[in-house]
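Next come the chains, spelled out residue by residue.
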Amino acid sequence: MNENESNRMTPEEEARFKKARKGRNLAIGAALLFLAVLFYAITIVRMGD
Amino acid sequence: MTSTTTLFTPTAATPMSSHWRDFLALAKPGVVRLVVFTGLCGMLAAPGSINPVLGFAAILSIALAAGGAAAFNQWYEADLDSRMKRTARRPIPAGRVAPKDARDFAALLCGASVLVMGLAIGWLAASILVVSIFYYVVVYTMWLKPRTPQNIVIGGGAGAFPPLIGWVAVTGDITLTPILLFAIIFFWTPPHFWALAMFVKSDYAKAGIPMMPVVRGERATRWQILAYALFMVPLAAAPWYLGTAGIVYGVASLVLTGMFALLAVPVGLRTSGAQDTMKPEKRLFAYSIIYLFALFGVLVIDRVLQDAGVIG
Chain H
26 MNENESNRMT PEEEARFKKA RKGRNLAIGA ALLFLAVLFY AITIVRMGD
Chain U
371 MTSTTTLFTP TAATPMSSHW RDFLALAKPG VVRLVVFTGL CGMLAAPGSI NPVLGFAAIL
431 SIALAAGGAA AFNQWYEADL DSRMKRTARR PIPAGRVAPK DARDFAALLC GASVLVMGLA
491 IGWLAASILV VSIFYYVVVY TMWLKPRTPQ NIVIGGGAGA FPPLIGWVAV TGDITLTPIL
551 LFAIIFFWTP PHFWALAMFV KSDYAKAGIP MMPVVRGERA TRWQILAYAL FMVPLAAAPW
611 YLGTAGIVYG VASLVLTGMF ALLAVPVGLR TSGAQDTMKP EKRLFAYSII YLFALFGVLV
671 IDRVLQDAGV IG
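Protein sequences, first through last, are from chains H and U.
Using this note's numbering, read the first sequence as starting at 26 and increasing by one per residue.
Using this note's numbering, read the second sequence as starting at 371 and increasing by one per residue.
If you are wondering where the hints come from, they were derived from the structure by calculation, not from laboratory data.
Be a bit skeptical, because a hint or two may be false.
[As the list claims (entries may be wrong)] Derived Cβ-Cβ restraints for the label pairs, each shown as a range:
hint, chain 1, residue 1, chain 2, residue 2, range
1, H, Phe-64, U, Asp-543, 23 to 31 Å
2, H, Met-72, U, Trp-593, 29 to 37 Å
3, U, Val-585, H, Leu-57, 17 to 25 Å
4, H, Phe-59, U, Val-508, 26 to 34 Å
5, H, Phe-59, U, Ala-644, 17 to 25 Å
6, U, Trp-593, H, Phe-59, 42 to 50 Å
7, H, Glu-38, U, Gly-643, 43 to 51 Å
8, U, Val-674, H, Gly-54, 33 to 41 Å
9, H, Val-62, U, Trp-493, 18 to 26 Å
10, U, Leu-675, H, Val-70, 26 to 34 Å
11, H, Val-62, U, Met-512, 32 to 40 Å
12, U, Ile-659, H, Met-72, 35 to 43 Å
13, U, Gly-465, H, Lys-43, 17 to 25 Å
14, U, Lys-652, H, Leu-57, 38 to 46 Å
Where is the CB? At the ideal position from N, CA and C, for every residue including glycine.
Work out the full structure, taking the sequences as your base and the hints as a guide.
In structure tokens:
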């Protein structure tokens, strides 16, 4: 078995890895969307000052 | 190769399957909650008003800065954390988050916090935020904590910034009251932390952190806990007798801080024996958290009552 093969994941590990990555991506997406809305709201309020 | 392996191989860019909850844990949400609360109280107790959107942005900035500083702390102390029972299960020592991911996450939170504060509130508040992050990460975590038993005394300043920032977000300047709020948290921190250090002493000794009970011994630490707790009585009431808070805050602060000092008396005077359960120390530590929440909560109630004309 070469080094590359020994690093390979079992299907269970792969499923866990993908699930965690999906969760992280969704969290980053939600944070970016939230920041876009926040900056929009801050701009509107500051323009009204 | 066994039949259960696949061709999916993690790359250097995706070394481990960190869950988003692990990143949340890096930000120490328990500590952030207290920081946000004191920052919010500083904002609500300040004379004047703030647009709710900008107020929300300011509080979010304080939370992001506190979370980022906590994540930097965990990144820098991962090695120490792995040697202490209390901290060994944190995301980095437990191997759930790679150190460089934690460092990048911390930098992102701190950067975002300063940017949001600067754009929403102003660059004075953003500058204080930068100082508070620098104070916690560099002055406390990297410089003082591993070197001196006074680490908590001076490092306590980092946790004292939020009400000051909250106040500045509303008024735009620094006056006596926010400095007093800063001082209250500053002098509250040593008895709060040393009460904890008394019952996790062996952990700190194992990790080589020069906490007061480890370096100066139990007797000296107990006296200092009592001295700080007694000093808190006149200090916490200062906003009242200096005329910047009302009678409701004055009476409540005397009662709440009196209780804090009373709980510190047995801690200050006793000597622990072998197999000691450290009940008075645990009780003081638990009360110290409730105390700070209650004191700052009363400060806001007092301001609301003053604004409504109920009290003078």
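Going through the hints against the structure:
1. H/Phe-64 / U/Asp-543: 23 to 31 Å: holds (26 Å)
2. H/Met-72 / U/Trp-593: 29 to 37 Å: violated (57 Å)
3. U/Val-585 / H/Leu-57: 17 to 25 Å: Violated - the Cβ-Cβ distance for U/Val-585 and H/Leu-57, about 46 Å, lies outside 17 to 25 Å.
4. H/Phe-59 / U/Val-508: 26 to 34 Å: holds (29 Å)
5. H/Phe-59 / U/Ala-644: 17 to 25 Å: violated (53 Å)
6. U/Trp-593 / H/Phe-59: 42 to 50 Å: Since the Cβ atoms of U/Trp-593 and H/Phe-59 sit about 49 Å apart, the hinted range of 42 to 50 Å holds.
7. H/Glu-38 / U/Gly-643: 43 to 51 Å: Since the Cβ atoms of H/Glu-38 and U/Gly-643 sit about 50 Å apart, the hinted range of 43 to 51 Å holds.
8. U/Val-674 / H/Gly-54: 33 to 41 Å: holds (39 Å)
9. H/Val-62 / U/Trp-493: 18 to 26 Å: Distance hint for H/Val-62, U/Trp-493 holds at roughly 23 Å.
10. U/Leu-675 / H/Val-70: 26 to 34 Å: holds (28 Å)
11. H/Val-62 / U/Met-512: 32 to 40 Å: holds (36 Å)
12. U/Ile-659 / H/Met-72: 35 to 43 Å: Holds: the Cβ-Cβ distance is about 41 Å, inside 35 to 43 Å.
13. U/Gly-465 / H/Lys-43: 17 to 25 Å: holds (19 Å)
14. U/Lys-652 / H/Leu-57: 38 to 46 Å: holds (42 Å)
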